[in-house]
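Student: Below, each chain spelled out in residue letters.
Protein chains: 2
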Amino acid sequence: MIVIKVGGSEGIDLDLLCDDVAGLARDGVPLVLVHGGSHRTNRVAEALGHPPRFVTSPSGYTSRHTDRRTLEIFEMVYCGEINKGVVERLQRRGVNAVGLSGLDGRTWEGPRKKAIRAIEDGRVRVLRDSWTGKVERVNTGLIQTLFDGGFVPVLTPPAASFDGEAINVDGDRAAAATAAALGAETLLLLSNVPGLLRDFPDEASLVPAVARAEIDAASEHAEGRMRIKLLGAREALDGGVGRVVLGDARGADPVTNALEGKGTVIA
Amino acid sequence: MIVIKVGGSEGIDLDLLCDDVAGLARDGVPLVLVHGGSHRTNRVAEALGHPPRFVTSPSGYTSRHTDRRTLEIFEMVYCGEINKGVVERLQRRGVNAVGLSGLDGRTWEGPRKKAIRAIEDGRVRVLRDSWTGKVERVNTGLIQTLFDGGFVPVLTPPAASFDGEAINVDGDRAAAATAAALGAETLLLLSNVPGLLRDFPDEASLVPAVARAEIDAASEHAEGRMRIKLLGAREALDGGVGRVVLGDARGADPVTNALEGKGTVIA
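Just so you know, the sequences run in chain order E and Z.
Sequential numbering from 626 applies to the first sequence in this note's numbering.
Sequential numbering from 626 applies to the second sequence in this note's numbering.
Hints listed in this document are in silico derivations from the structure and should not be mistaken for laboratory results.
There may be inaccurate statements among the hints.
Stated by the list, open to error - Restraint ranges, calculated between C-beta atoms of paired labels, are given here:
1) E:Asp-878 with Z:Asp-638: 19 to 29 Å
2) Z:Gly-808 with E:Asp-773: 17 to 27 Å
3) E:Arg-750 with Z:Arg-742: 29 to 39 Å
4) Z:Phe-679 with E:Arg-750: 27 to 37 Å
5) E:Ala-672 with Z:Phe-787: 25 to 35 Å
6) E:Arg-678 with Z:Arg-694: 40 to 50 Å
7) E:Asp-878 with Z:Asn-764: 29 to 39 Å
8) E:Asp-652 with Z:Pro-736: 49 to 59 Å
9) Z:Glu-671 with E:Val-654: 41 to 51 Å
10) Z:Asp-652 with E:Phe-787: 17 to 27 Å
11) E:Val-654 with Z:Arg-837: 19 to 29 Å
12) E:Asp-878 with Z:Pro-736: 25 to 35 Å
13) Z:Pro-736 with E:Gly-867: 41 to 51 Å
Glycine is no exception: its CB is placed at the ideal position from the N, C-alpha and C atoms.
Isolated chain E, as found in the complex (with noise of 0.2 Å):
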């Protein structure tokens, strides 16, 4: 079983990606496929009038400041335009895939946070009419009932909070508790980038493997995401996933590829 997440930022190819996992899914390889949409969310929300905005925690984490409007154009994009596109492109492959949101049986739950603090010109405030959270329980139910029927599930945020609710979550942490919670033998974290740099942007300081004690080192020297995909790492392997491998999407075979320990292999 492999858990296969690709980000949704510019420069990544899902006509290649497509073609890669429907070779695996052909080949009878149990497979969940996990998407973001980050950036045609931007583009959109900017189109309709209700431009992104971007939060850091105090502890030091950029996410996206998801108010109910926010709410609203992410699931039309992550759950409209991009996941049914993604089901398309499988459909035409010959693969009999089936487009999710975390909400969808809740098979992503966890506790919404109404309130988040955000660090703003130097100082803590409080940002009010929040719809995130976090997943902290997988509800497997619905993907093994998938995997039974012979289709492939494609999963996407939101995830439901534990009333119900649509929460955004990070999807590289969503991915890594689904990994863990189907006793995923590897989970592939695929982005725009060859995987962890140790001087980002250059591609060359590529770190090709990273122990699971080397982590929290590794951390203090990646780039925003980098550090969120690095925190799911970690969750995954301390949730039994026997590898993670971020690994990059911009071009042909990524899956294969990270499948080959292409990337930077975390074990």
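Assemble chain Z onto chain E, guided by the hints.
Tutor: Same frame as chain E, now just chain Z:
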């Protein structure tokens, strides 16, 4: 088994609809909910600078001209905003809903019409880049799998072409085909009118019942959308559905009211 289709026109109250659906689901009534999203799609398409365009076929049916950009906007609204909004409402009411398009699991499948004929200024024109089609086959595998797992399916267009492309299809007729394929006893087609009106929009002119043999005659004085609903009703009855009710989704208990025969009963 009942199949409930709720339209996407202005005035429909999805909160009240979901109150009613949740009550039935909690009582163990097996049901599939199908929804539209036309009004919101028009608003979003305008906001994104790609305003809607409606065309009339030579046989007199009006539909959305769906070029590729329109299809993407359509998916954003139907599969993103509305579908996940309905799933969230049901989850908040304790119903373990799963939102799907007809593309997922190839649930709705049929031929794509790449070019359509439309009447414009009294002349027949051919419009290309059309991502539309018709549901000719309902693959009930995914819906049955979800029923077996205890989930409530919430379905919306697009469908899948026989080549796996996303295609815009009529939601009422797709719901009719679904009801027939599932052997449903009842199909409810709920919208923002009380049912078939002899003298549209005079709501006092509601036709309480139409016999199978009277559908063609009734179609002749029906306005645009209602003609397609009557076509769907006939297709459902021909497919073995026991009765179709055209009901009102603007107030409380829209499903219970329709099941009690309020609206236009076709059998």
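Student: Next step is simple, just say for each hint if it's right about the structure.
Tutor: Outcome of the hint check:
1. E:Asp-878 with Z:Asp-638: 19 to 29 Å: With Cβ atoms ~49 Å apart, the hint is violated.
2. Z:Gly-808 with E:Asp-773: 17 to 27 Å: 23 Å, holds
3. E:Arg-750 with Z:Arg-742: 29 to 39 Å: Check failed, 58 Å falls outside 29 to 39 Å.
4. Z:Phe-679 with E:Arg-750: 27 to 37 Å: 47 Å, violated
5. E:Ala-672 with Z:Phe-787: 25 to 35 Å: For Phe-787 of chain Z against Ala-672 of chain E, whose Cβ atoms are near 33 Å apart, the range 25 to 35 Å holds.
6. E:Arg-678 with Z:Arg-694: 40 to 50 Å: Given a distance of about 27 Å, which is not inside 40 to 50 Å, the answer is violated.
7. E:Asp-878 with Z:Asn-764: 29 to 39 Å: 31 Å, holds
8. E:Asp-652 with Z:Pro-736: 49 to 59 Å: With Cβ atoms ~30 Å apart, the hint is violated.
9. Z:Glu-671 with E:Val-654: 41 to 51 Å: Since Glu-671 of chain Z and Val-654 of chain E have Cβ atoms about 44 Å apart, the given range 41 to 51 Å holds.
10. Z:Asp-652 with E:Phe-787: 17 to 27 Å: Once the Cβ atoms are compared, 24 Å apart, the range 17 to 27 Å for Phe-787 of chain E and Asp-652 of chain Z holds.
11. E:Val-654 with Z:Arg-837: 19 to 29 Å: Violated, since Val-654 of chain E and Arg-837 of chain Z (Cβ atoms, about 50 Å apart) do not stay within the stated range.
12. E:Asp-878 with Z:Pro-736: 25 to 35 Å: For Pro-736 of chain Z against Asp-878 of chain E, whose Cβ atoms are near 33 Å apart, the range 25 to 35 Å holds.
13. Z:Pro-736 with E:Gly-867: 41 to 51 Å: Check passed, 45 Å falls within 41 to 51 Å.
Checked against the numbered hints listed earlier, the structure breaks hints 1, 3, 4, 6, 8 and 11; every other hint is satisfied.
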